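For reference, the chains in residue letters:
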Amino acid sequence: MHLVEKAQILDEKGMARALTRIAHEIIERNHGTDNLVLIGIRRRGVPIAVRLAERIQKIEGTAVPVGFLDITLYRDDLTKLDYHPVLYKTQVDFSVTDKIVVLVDDVLYTGRTTRAAMDAIMDLGRPKVIQMAVMVDRGHRELPIRADYVGKNVPTSTKEVVSVEINEIDGRDRILILERIGPDE
Amino acid sequence: MSIKHLLGLEHLPVETITKILDTAGPMKQIISRDLKKVPTLRGKAVATVFYEPSTRTRLSFELAAKYLSADTVGLATASSSVVKGETLIDTARTVAAMGVDVIVLRHPMSGAAELMTRYTDAYVVNAGDGMHEHPTQALLDMFTILESKNRISGLKVAILGDILHSRVARSNIWGLTKLGAEVHVAGPPTMLPAGLEQLGVRVYDRPEAALEGADVVMALRLQLERQRQGLIPSLREYARLYGLNAERLALTKDDAVVLHPGPMNRGVEITAEVADGSRSLITDQVTNGVAVRMACLYLMTVGDASREDID
Amino acid sequence: MKILIKGGTVFDPSAGTLRDLDVLIEDARVIKVESGISGRGAIVLDASGMLVSPGLIDMHVHLREPGYEYKETIATGTAAALSGGFTAVAAMPNTNPVADNPAIIEFIRKQAAAAANARVYPVGAITRGLEGNVLAEMGEMHAAGALAFSNDGRPVVSAGVMRRAMQYARMVGVPIISHCEDDTLVDGGVMSEGLTASVLGLKGIPAAAEEVIVARDLLLAETTGCALHVAHVSTAGSVRLIREAKRRGVPVTAEATAHHFVLTDEAVAGYNTSAKVNPPLRSRTDVQAVLEGLADGSIDVIASDHAPHADYEKAVEFDQAAMGLVGLETTLGLVFTYLVEPGVLTAAEALTRLTANPARILGLPETVLKPGAVADITVIDTHCEWEVDPNRFLSKSQNTPFAGFKLRGQAVATIVAGKIRKHSGVRSQ
Chain U
6 MHLVEKAQIL
16 DEKGMARALT
26 RIAHEIIERN
36 HGTDNLVLIG
46 IRRRGVPIAV
56 RLAERIQKIE
66 GTAVPVGFLD
76 ITLYRDDLTK
86 LDYHPVLYKT
96 QVDFSVTDKI
106 VVLVDDVLYT
116 GRTTRAAMDA
126 IMDLGRPKVI
136 QMAVMVDRGH
146 RELPIRADYV
156 GKNVPTSTKE
166 VVSVEINEID
176 GRDRILILER
186 IGPDE
Chain L
254 MSIKHLLGLE
264 HLPVETITKI
274 LDTAGPMKQI
284 ISRDLKKVPT
294 LRGKAVATVF
304 YEPSTRTRLS
314 FELAAKYLSA
324 DTVGLATASS
334 SVVKGETLID
344 TARTVAAMGV
354 DVIVLRHPMS
364 GAAELMTRYT
374 DAYVVNAGDG
384 MHEHPTQALL
394 DMFTILESKN
404 RISGLKVAIL
414 GDILHSRVAR
424 SNIWGLTKLG
434 AEVHVAGPPT
444 MLPAGLEQLG
454 VRVYDRPEAA
464 LEGADVVMAL
474 RLQLERQRQG
484 LIPSLREYAR
494 LYGLNAERLA
504 LTKDDAVVLH
514 PGPMNRGVEI
524 TAEVADGSRS
534 LITDQVTNGV
544 AVRMACLYLM
554 TVGDASREDI
564 D
Chain V
10 MKILIKGGTV
20 FDPSAGTLRD
30 LDVLIEDARV
40 IKVESGISGR
50 GAIVLDASGM
60 LVSPGLIDMH
70 VHLREPGYEY
80 KETIATGTAA
90 ALSGGFTAVA
100 AMPNTNPVAD
110 NPAIIEFIRK
120 QAAAAANARV
130 YPVGAITRGL
140 EGNVLAEMGE
150 MHAAGALAFS
160 NDGRPVVSAG
170 VMRRAMQYAR
180 MVGVPIISHC
190 EDDTLVDGGV
200 MSEGLTASVL
210 GLKGIPAAAE
220 EVIVARDLLL
230 AETTGCALHV
240 AHVSTAGSVR
250 LIREAKRRGV
260 PVTAEATAHH
270 FVLTDEAVAG
280 YNTSAKVNPP
290 LRSRTDVQAV
300 LEGLADGSID
310 VIASDHAPHA
320 DYEKAVEFDQ
330 AAMGLVGLET
340 TLGLVFTYLV
350 EPGVLTAAEA
360 LTRLTANPAR
370 ILGLPETVLK
380 PGAVADITVI
390 DTHCEWEVDP
400 NRFLSKSQNT
410 PFAGFKLRGQ
420 AVATIVAGKI
430 RKHSGVRSQ
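Protein chains in written order, with the working numbering: chain U, 6 to 190; chain L, 254 to 564; chain V, 10 to 438.
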């Protein structure tokens with residue numbers, strides 16, 4: 006099986022515009038930045054959270070705490086994996102209790118990662134509210150979970166893969182739809 | 254990487270050792286949280302089967318398993334009742350038949366953990382077998398050294414004491430030399446095993462040469478029965494000739510750190526002054542033991558150990 | 010009944026020669042050794058390309074009966090002997106009860122006669138119950154058929170007791186076979202001291218544990234004049250001590266086992282209990298010294314030290330595992346593969362260490378194929394390649410470190426007192 010590029014959903018500028026819009030939406034929905042914290046889900050949620058925090062600071066003039074979350078230990082498919090996921094450190098150097106926590110990730114798909122992230126956050130403290138921001142919502146939810154802030158809604162088939170490339174990790178910004186070709190292993 | 258069983262560091266590839274040490278870092282975070290539990294090993298059962306008395310190793314493994322949400326059961330058998338090998342094999346079969354996923358085995362005889370793997374489908378962690386290996390102790394020692402020195406390669410590590418009977422020394426020799434450290438061991442000539450030089454280890458019968466310029470000093474526990482066995486004349490003479498004291502520690506580098514696998518005989522292999530001094534990492538070792546054992550349990554039971562990470 | 014062994018190469022230990030001759034047997038005796046004997050009226054064994062030797066003698070075997078029949082019986086042990094090409098074995102006395110009195114010696118001979126496989130020469134205990142204190146009734150046992158005395162499996166700890174035993178054995182006119190081991194130096198060891206033991210965390214046995222007793226017993230033999238046979242020599246130091254003693258004229262002979270000239274302590278790696286044996290497998294240097302000792306005659310005899318144990322006595326922690334391995338069915342193949350093929354010994358030299366030398370030490374009649382001699386004969390296919398498969402052993406036990414070894418050389422016919430007891434139709438492929 007291999008992946009072939011099918012379409013580009015967003016380019017660098019499109020991603021930047023979407024992030025700016027989400028930053029505005031977060032401030033607006035929460036009436037400012039009081040008690041607001043951003044937590045990026047490793048790996049690509051991390052640079053996205055950092056960028057959102059930069060934009061919020063530019064708009065509001067206040068620095069919003071940013072944390073990074075590794076949800077590996079909370080995954081529900083660990084025993085079914087045919088590989089070893091890399092375990093990264095969680096870096097949440099502030100209390101989440103009574104905070105407005107905005108979880109940040111690149112793609113919202115089945116909702117299982119979000120479920121794991123919520124459990125991980127709850128183990129760190131008791132937030133006032135948890136919200137969710139993603140670059141792409143591609144549908145196919147398996148749990149009753151929805152995003153509060155979405156860069157772009159993209160209807161997909163399960164044969165397709167949404168690839169979010171971020172400069173800090175992948176060397177450029179763009180979002181692609183790839184298609185699996187050939188038999189599954 | 255492949256760690257279906259964790260029997261020793263002799264046959265563990267460098268990449269696997271590195272992976273365990275890398276995984277122990279995130280695990281250590283969990284121990285320092287208010288809520289010290291992740292759901293990772295929910296539904297897994299870990300049995301600690303100890304044929305030798307040991308409070309700290311057993312506690313460390315049980316907490317590691319519990320922090321990862323595994324269920325734990327303990328089976329303690331007095332070593333005096335280990336009369337025949339069938340005991341061990343029967344135990345292996347029985348425990349596995351009850352659905353235990355991981356058996357943590359402590360046994361007074363070398364090779365017991367390996368023997369157990371032949372009679373059970375459960376994963377086996379060697380928590381110390383005779384004079385053979387104690388891999389998780391060496392891994393926690395290496396993790397502690399890494400925390401303090403940020404590297405292992407190129408360090409001079411001195412191991413002092415009863416090398417002959419020490420499974421901790423053996424596992425450390427394998428692990429440290431694999432990661433590029435220079436290992437020097439020193440002990441009474443009656444407690445030095447034959448042929449160690451062939452593993453690239455420098456062997457001395459006096460501690461001073463081993464300590465000269467060392468980055469890390471590891472003092473081994475002296476089993477007090479060794480005097481009765483006639484291997485040393487007296488504890489007093491042992492302390493005088495081999496004990497790690499401030500004077501000997503001064504031979505090492507200024508920033509050298511001190512490790513001890515515990516429990517310590519203060520005043521015998523190490524003075525209280527050194528054990529409780531600023532260079533001592535002995536308390537860190539205890540915390541790190543839980544983290545390293547969490548990493549081992551996690552890597553053994555999660556995912557397919559035969560495939561490398563594809564992120 | 011006549012049997013004609015036709016077309017083979019006959020080994021004569023008295024002359025050390027190998028000659029192409031036919032051997033004609035009638036009833037229990039050899040009646041003719043010539044070339045071109047007619048096979049009329051005889052069963053003909055085609056031995057072309059094979060060695061025809063006087064029957065092989067294994068002077069160090071544990072048959073385990075009485076007392077440990079779950080490991081081996083006299084019937085199964087002697088069947089294994091025939092299978093391995095041995096027409097006779099010497100049975101060590103560490104049975105239960107111990108063979109320390111004439112009744113047990115007689116019992117062993119009776120069981121051997123009933124089994125009607127290989128001949129059995131009982132070895133009596135030096136001291137009662139192998140305890141190392143009180144001398145056993147050597148004279149009575151000798152009269153009942155014991156050909157030598159040994160506490161094999163355990164050392165005679167007291168030098169004083171050993172000295173008296175040698176004085177007494179000299180009077181009886183039989184050799185003392187010494188198991189040389191100093192308990193205080195063994196000190197709970199389970200394998201040879203060295204890197205492998207250090208890595209495995211197993212307690213090592215130093216070479217000195219054997220050598221100090223070899224030295225002691227050589228001195229005692231020298232002063233008492235008793236014939237001393239050193240069992241299972243395993244270290245370079247022992248070989249050197251024996252070589253020097255022989256030069257001085259000490260009445261000493263010695264034996265080596267196949268496992269001590271084939272394997273080193275590295276065979277124990279992985280806690281391989283089938284390689285747990287006493288004396289332990291030693292270093293490469295020691296193996297080399299044993300080979301040299303065999304080559305220069307310092308070591309007179311090759312024996313198996315066949316020591317059967319049940320599976321469950323080996324499938325345990327290494328420290329707990331029984332010591333010993335079965336050897337009757339592998340020794341001949343190991344001799345040809347590891348001594349004759351690489352040129353350490355000629356076939357004639359190797360066979361001398363399996364026939365004439367043990368016979369001489371045990372005071373048996375000369376082993377030679379000539380008219381009138383008892384027809385104990387082993388026919389050996391020296392080219393036959395085979396793989397050691399313990400499941401095919403006739404021994405009751407399978408504890409061998411040689412499973413899977415590819416060997417060359419095998420007995421194809423074993424004849425005891427003119428009767429073909431083992432005959433395999435297998436020819437080399």
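Worth flagging that the hints you see were computed from the coordinates, not collected in a lab. One or more of the hints may lead you astray.
What the hints assert, rightly or not - With a straight-line cut-off of 16 Å between C-alpha atoms, the simulated EDC-like cross-links for lysine to aspartate or glutamate are:
hint : chain 1 : residue 1 : chain 2 : residue 2
1    : U       : Lys94     : L       : Asp275
2    : L       : Lys289    : U       : Asp128
3    : U       : Lys157    : U       : Glu65
4    : L       : Lys257    : U       : Asp128
Note that the structure is a prediction, hence the values are computed from the model and not measured.
For which of the previously enumerated hints does the structure constitute a violation, in increasing order of number?
-> Of the numbered hints, 3 and 4 do not hold.
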